[in-house]
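> Okay, here's what each chain looks like letter by letter:
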Amino acid sequence: MIPPLLIRIKVKGNKWRRRGRGLWLPIFVLWPFFAVLVLVGLVISLILDVAAWLGGAEYHRYTLLLLKCLGTVSALRGLKVLVDSREQHVEIRLI
Amino acid sequence: MSGERKRVLDMLGEGKISASEAEQLLDALNQTDRAEIAGEMEIAGEIITGKAPKFMYVKVASAQNDNVDIKVPLALLGSGLRLTSLIPPKVMDQINASMEEQGMSFDFGNLRPDDIEGLIRSLGDLEVNVSSKDGDNVRVYCA
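Residue numbers (my numbering), protein chains in the order written: chain A, 12 to 106; chain G, 305 to 447.
Just so you know, the hints here were simulated from the structure itself, not pulled from any lab data. There could be a bad hint or two in this list.
[Unchecked claim] Here's a subset of chain G near chain A, in silico, CB distances under 8 angstroms, partners left out: (1) A367; (2) Q368; (3) V372; (4) I374; (5) L387; (6) M403; (7) Q406.
[To be verified] Cut-off 27 angstroms, straight-line C-alpha distance, at most; resulting in silico cross-link-like pairs (DSSO-like, lysine-lysine): (8) A:K79 <-> G:K358; (9) A:K21 <-> G:K394; (10) A:K23 <-> G:K310; (11) A:K79 <-> G:K437; (12) A:K91 <-> G:K394; (13) A:K79 <-> G:K375; (14) G:K375 <-> A:K23; (15) A:K91 <-> G:K375; (16) A:K91 <-> G:K358; (17) A:K91 <-> A:K79; (18) G:K310 <-> A:K79.
Model, not experiment: these values are computed from the prediction. The C-beta atom is built at its ideal place from N, Cα and C for all residues, glycine as well.
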């Protein structure tokens, strides 16, 4: 599952009814940075899992938990929130 | 009795095959029948329930032109529910206790992956339509 690539944020106030302000945020640019963080996190969680398993702890699935959290973040792709009132129009999309 | 089974029994009766060979042929026919039935049931199940929905839509339209339109990927719901099975037991106990305090006695630890898949597939039939006398409409559905 591919994580979100872009965030589209659009805000239109009453006086900007025709145009509004739109913003495209390229999240994919931050992927290398997040990849490094994830790798570090995976190494730490693996060490924790091994230590917990050797220590006889009941729970030793931190690595799997971290991977599932990443899967949940990836599942955010396609989320759309649109709030349209008389005063303002706000639109957020994760693409 | 199917035609193939009768033919196997006839060959056994005529001595063309041995009893063990007849047994093997009948077992093979049984497996083929089971696979065909399972395939037909799977197709029937898809026809009845349809393909799994991909998004949950929440649309609110008020008479004062205040509208809300939310589209949530159901993969997020499924992924979140599957995540609950990996939460450490002590943390899960605290979550369950907090939920029970709020009046929701539900143990997320009892959710199995099959249950989650079935739940998401069933959401395809979900549709909630609420209309108020003031002209406000709320619609929740999955597609």
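> Does each hint hold? Answer for all of them.
Hints, verified against the model:
Residue-level restraint check for A367 (chain G) is violated (minimum Cβ-Cβ distance to chain A is 12 angstroms; threshold 8 angstroms). Satisfaction of the interface hint for Q368 (chain G) is found here, the shortest Cβ-Cβ separation to chain A being roughly 7 angstroms, below the 8 angstroms cut-off. Interface hint status for V372 (chain G): upheld, as the beta-carbon distance to the closest one in chain A is roughly 5 angstroms, under 8 angstroms. A least Cβ separation of about 5 angstroms between I374 (chain G) and chain A falls short of the 8 angstroms threshold, and the interface hint therefore holds.
Nearest Cβ of chain A to the Cβ of L387 (chain G): about 5 angstroms, under the 8 angstroms cut. The hint holds. Hint status for M403 (chain G) relative to chain A: violated, with the closest Cβ pair at about 19 angstroms, above 8 angstroms. Interface hint status for Q406 (chain G): violated, as the beta-carbon distance to the closest one in chain A is roughly 23 angstroms, over 8 angstroms. Among the hinted pairs, K79 (chain A) with K358 (chain G) is consistent with the structure: their alpha-carbon atoms are about 19 angstroms apart, no more than 27 angstroms.
A hinted pair counts as satisfied when its Cα atoms are at most 27 angstroms apart, and K21 (chain A) with K394 (chain G) does not qualify at roughly 42 angstroms. Of the supplied pair hints, the one linking K23 (chain A) and K310 (chain G) is violated, its CA atoms being roughly 76 angstroms apart against a limit of 27 angstroms. For the hint pairing K79 (chain A) with K437 (chain G), the CA-to-CA distance comes to about 44 angstroms; that exceeds 27 angstroms, so the pair is violated. Distance check on the hinted pair: K91 (chain A) and K394 (chain G) sit about 34 angstroms apart at the alpha-carbon level, beyond 27 angstroms; violated.
Between K79 (chain A) and K375 (chain G), the direct Cα distance comes to roughly 22 angstroms. Compliance with the 27 angstroms bound is thereby established for this hinted pair. Simply put, K375 (chain G) and K23 (chain A) have alpha-carbon atoms about 20 angstroms apart, close enough for the 27 angstroms limit, and the pair holds. Proximity of K91 (chain A) to K375 (chain G) is assessed by CA-CA distance (about 5 angstroms); at most 27 angstroms being required, the pair is judged to hold. For the given pair, K91 (chain A) sits about 13 angstroms from K358 (chain G) by alpha-carbon distance, which is consistent with the 27 angstroms threshold.
Restraint check: the Cα-Cα separation between K91 (chain A) and K79 (chain A) comes to about 22 angstroms, which is no more than 27 angstroms; the hinted pair holds. Straight-line distance between C-alpha atoms of K310 (chain G) and K79 (chain A) comes to about 54 angstroms, which puts the hinted pair past the 27 angstroms bound.
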